[in-house]
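Chain by chain, the residues run as shown.
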Amino acid sequence: MNNNDPLLDLLLEFFDLPADTRPEDIRQQLVPSWDSLAMVQLITELERKFVVNFDIDAIQRLRSYDEIRDALVGEPSP
Amino acid sequence: MALGAPILTLTQVKTVNLIRQWINSFPDVQKDAILQAFESASLPKIRRALRLLEELGQEQRGPGLDVELLSTYNLEPLLPVLSLAMNCLPSRACPRLAPLDSIETHMAQPARSHAQGVFGARMIIWRIEEVLPEALYPFSHGFPKRLAASVDQLLDRIERVVTLHRRNSPGTPLFLSTMPLPLNLANPVAAAQHCAGPYASVSRVNQKIYEVAGRGVGVHVLDLASWAAFEGETYADAMVDFLARQPLSAKGQVSFALFIARCLRPLIVPRRKVLALDLDNTLWGGVVGEDGVNGLKLGHEFPGNVHLRIQRELLELRHRGVLLVLLSKNNEADARQPFESLLGMILKWTDFAVRKINWNHKHENLREAARELGLGLDSFAFLDDSDYEREQMRQVMPEVLILNHSSDPLQTLRALWETDAFDSLVVTEEDRGRHRDYTFREAREVEGHKDDLEVFLKSLEMEAAMEEVGPSNVERVVTMLGKTNQFNLTTHRHSRGHVETMLASPGSIALALRLRDKFGDQGIIAVLLAVRGDNAATLVIDSFLVSCRALGRGVEDALWAAMLRRALRQDVQRIEAAYIPTAKNSIVAGLYDRLGLRRIGHNSGSTCYLLEPVTFVESPPWIALMNENQ
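Protein sequence lines, in the order shown, are assigned to chains A and B. Under numbering that gives the first Met the number 0, think of the first position of the first sequence as 0, with each following residue one higher. Under numbering that gives the first Met the number 0, think of the first position of the second sequence as 0, with each following residue one higher.
Do not take every clue at face value.
[Claimed, not checked] In silico negatives: residues of chain B with every beta carbon more than 12 Å from chain A:
(1) GLU75
(2) PRO79
(3) ASP236
(4) ASN280
[Said to hold, decoys possible] Over 10 Å on every C-beta distance to chain B, these chain A residues come out as not near it, computed from the model:
(5) ASN3
(6) GLU12
(7) ALA18
(8) ASP19
(9) THR20
(10) ARG26
(11) GLN28
(12) VAL30
(13) GLU46
(14) ASN52
(15) PHE53
[Said to hold, decoys possible] With a straight-line Cα cutoff of 16 Å, these simulated EDC-like cross-link-like pairs (lysine to aspartate or glutamate) come out:
(16) B:LYS347 / B:ASP333
(17) B:LYS583 / B:ASP384
(18) B:LYS347 / B:GLU312
(19) B:LYS44 / A:ASP54
(20) B:LYS328 / B:ASP384
(21) B:LYS44 / A:GLU44
(22) B:LYS44 / A:ASP8
(23) B:LYS328 / B:GLU367
(24) B:LYS207 / B:GLU158
(25) B:LYS482 / B:GLU388
(26) B:LYS44 / A:ASP15
Simulated from the structure, these hints should not be mistaken for laboratory data. All of these numbers come straight from a predicted model, not from anything done at the bench. For each residue, glycine too, the CB sits at the ideal point set by N, CA and C.
Bound-form chain A, shown alone:
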């Protein structure tokens, strides 16, 4: 577990990924179990864990570690 990065910990645990997975490799295209069902469950999980409510725009961009991180800190991805 990476105590300095709770988002990374959450994604590793949620998708059952190896602990040494690099954040840039956590993308929907590269994680086979990241389907539409997992997407819904992930949103609920993120909202629970980080006490946030995503807006419609943010939800459409939650496709990778980077995009989720940006949505959580309120900065849109470029």
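Since the structure of chain A is provided, determine the placement of chain B on it from the hints.
Structure of chain B alone, referenced to chain A:
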């Protein structure tokens, strides 16, 4: 980014407390994982808890439970938490989802049949947003007349669904959900102003569901309308609803799953039959032996009103069939005084089936009460304001469920409100008359000392009616199969579906004995189920049981004779039977020997018996048979 775990709603806290009791027999690793999963509502933790449960043996995990979920919204994301909640009952639960919006299509097929020891259930979970969307926009849909007509159509649909289920899957319990008020509704003030408005329309639909379930035909209510009202709007998440047609928030998902599990629990876990309780600082405030009757607090002022409410709750339990037992360290004369002269007393001295008022240990008195009632310790719940008494009971008798956890009377009252120990889906006439039956039994036992046994039994003026098991009594038969521990030769806990399958098998004999005596109608108190063996001339006794309310009267002999009479008419040549010992049924260890069967061997701990040739035996002369051709 902010980090935080959600604070559980009060409803969830209460339910998680119940879960602790449900999973009490699990090892600590599983217990901790389950509690963490529910408290965090985290999906990875839920998955982990499920994985850990898979590691347990079948016996630790409880009976199989096959639940079919038919829904108008998307429950797929909730399957892990639903599965975990149902596994905590405890059971080896396997929730299955039917395709979305396919209620009638799916119900046209028979529900899956289940092996012995596996319970089945079907749940229909629907909401107004899908089944009556017009109600959200009444003025766009011809309010009031056309909207009222749409509601009428939905009421007809509910009837059709129940008919479909009864026709195709009569043995499977059906749970119909009620419908929460729509949360996302513009102009809620106007919505409440007309009897054909949105809120009244939802109310009509729910009323129909309550009415259908009240007919007592294996249809039960999953009251999601009440659940949603208790939860408040935190249960919902409009964004996820739009995204995936799944309306529940993370908090809502846990609460929803636990609520569903609690509603299923009475199918597989019998309720506690007895509540043993204290007097002082429970039924009234104060200690009668020290404060005197005039110093006790009971009435409409605080804090006497808390004790008054406790008494009302206890009386309601007694009328629902829970026996009350008084355990008090007092002088009996002191203890009786408030029942005779304290103003405002709701409970009467005679509302207690057994009273143990002395200076003995309470666990000793409880054991004595259990013996007198003919019930096991695991039929008992215990309520006491003393930390010492509760702790001693917990240590000496771990089978007894301790309901309250502090000396505070309000906490005692909350314990009565929140416990699931007395949950049941059906309250039968037998339940409602149980206190009376035990009181009569006490009277009978007193009379029984007057004369020899047979003279006494004759004096009871017993009349037995043999009923073929069928739609009118199968509910009671299934209840007895689920609850009877002592006089039960095989302790087969069959589901209603399994019993109905047996009834449908050619050559089966299924009898229920209804007993009446000079004290009143005792209801169905004995059951015998038998099916044909591999050879058509062989009858195999599947279940043979007598309610503990009717032990020692010879009703088992009358029922056995009635079965033999039918078997001989059907040319049965041999009867096979087995005694399967449990921790509680040693009372019937020698029954088949007494009835003249021959021991032919042992099989996995059970003793196998054979009766060949089959010959008729007389019914006991002290029981009149009402509908038997001799």
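Legend entry - Reported absence of A:ARG26 from the contact zone with chain B (all CB gaps over 10 Å): holds (19 Å)
Inset, instruction - Mind checking the alpha carbons of B:LYS44 and A:ASP15 for me, to see if they're no more than 16 Å apart? - result: Given that 16 Å is the threshold and the Cα spacing comes to 12 Å, the pair holds.
Legend entry - Status of the stated non-contact between A:GLU46 and chain B (beta carbon gap over 10 Å): The claim breaks: A:GLU46 does not keep its Cβ more than 10 Å from every Cβ of chain B (closest is about 7 Å).
Legend entry - Minimum Cβ distance from A:ASP19 to chain B greater than 10 Å, as the annotation requires: holds (18 Å)
Legend entry - Given pair status - B:ASP384, B:LYS328, alpha carbons within 16 Å: Cα-Cα ~12 Å, so holds.
Legend entry - Non-interface claim for A:GLN28, where every Cβ of chain B lies beyond 10 Å: holds (20 Å)
Inset, instruction - Determine whether the non-interface label on A:GLU12 survives the test: each CB of chain B must be over 10 Å from its CB. - result: Per Cβ check, A:GLU12 is inside 10 Å of chain B; nearest 4 Å; violated.
Legend entry - 16 Å limit on alpha-carbon distance, applied to hinted pair B:LYS44 and A:GLU44: holds (11 Å)
Inset, instruction - Would you check whether the claim that A:THR20 is not at the interface survives, using Cβ distances to chain B and the 10 Å cut-off? - result: holds (15 Å)
Legend entry - Pairwise hint evaluation, B:ASP333 against B:LYS347, where the allowed Cα distance is 16 Å at most: This hinted pair holds, its Cα atoms lying about 15 Å apart.
Legend entry - Outside-interface status for B:PRO79 - nearest CB in chain A farther than 12 Å: violated (8 Å)
Inset, instruction - Determine whether the non-interface label on B:GLU75 survives the test: each CB of chain A must be over 12 Å from its CB. - result: B:GLU75 is in fact no farther than 12 Å from some Cβ atom of chain A, at 6 Å.
This entry does not satisfy hints 1, 2, 3, 6, 13, 14, 15, 17, 19, 25, going by the numbered hints stated previously.
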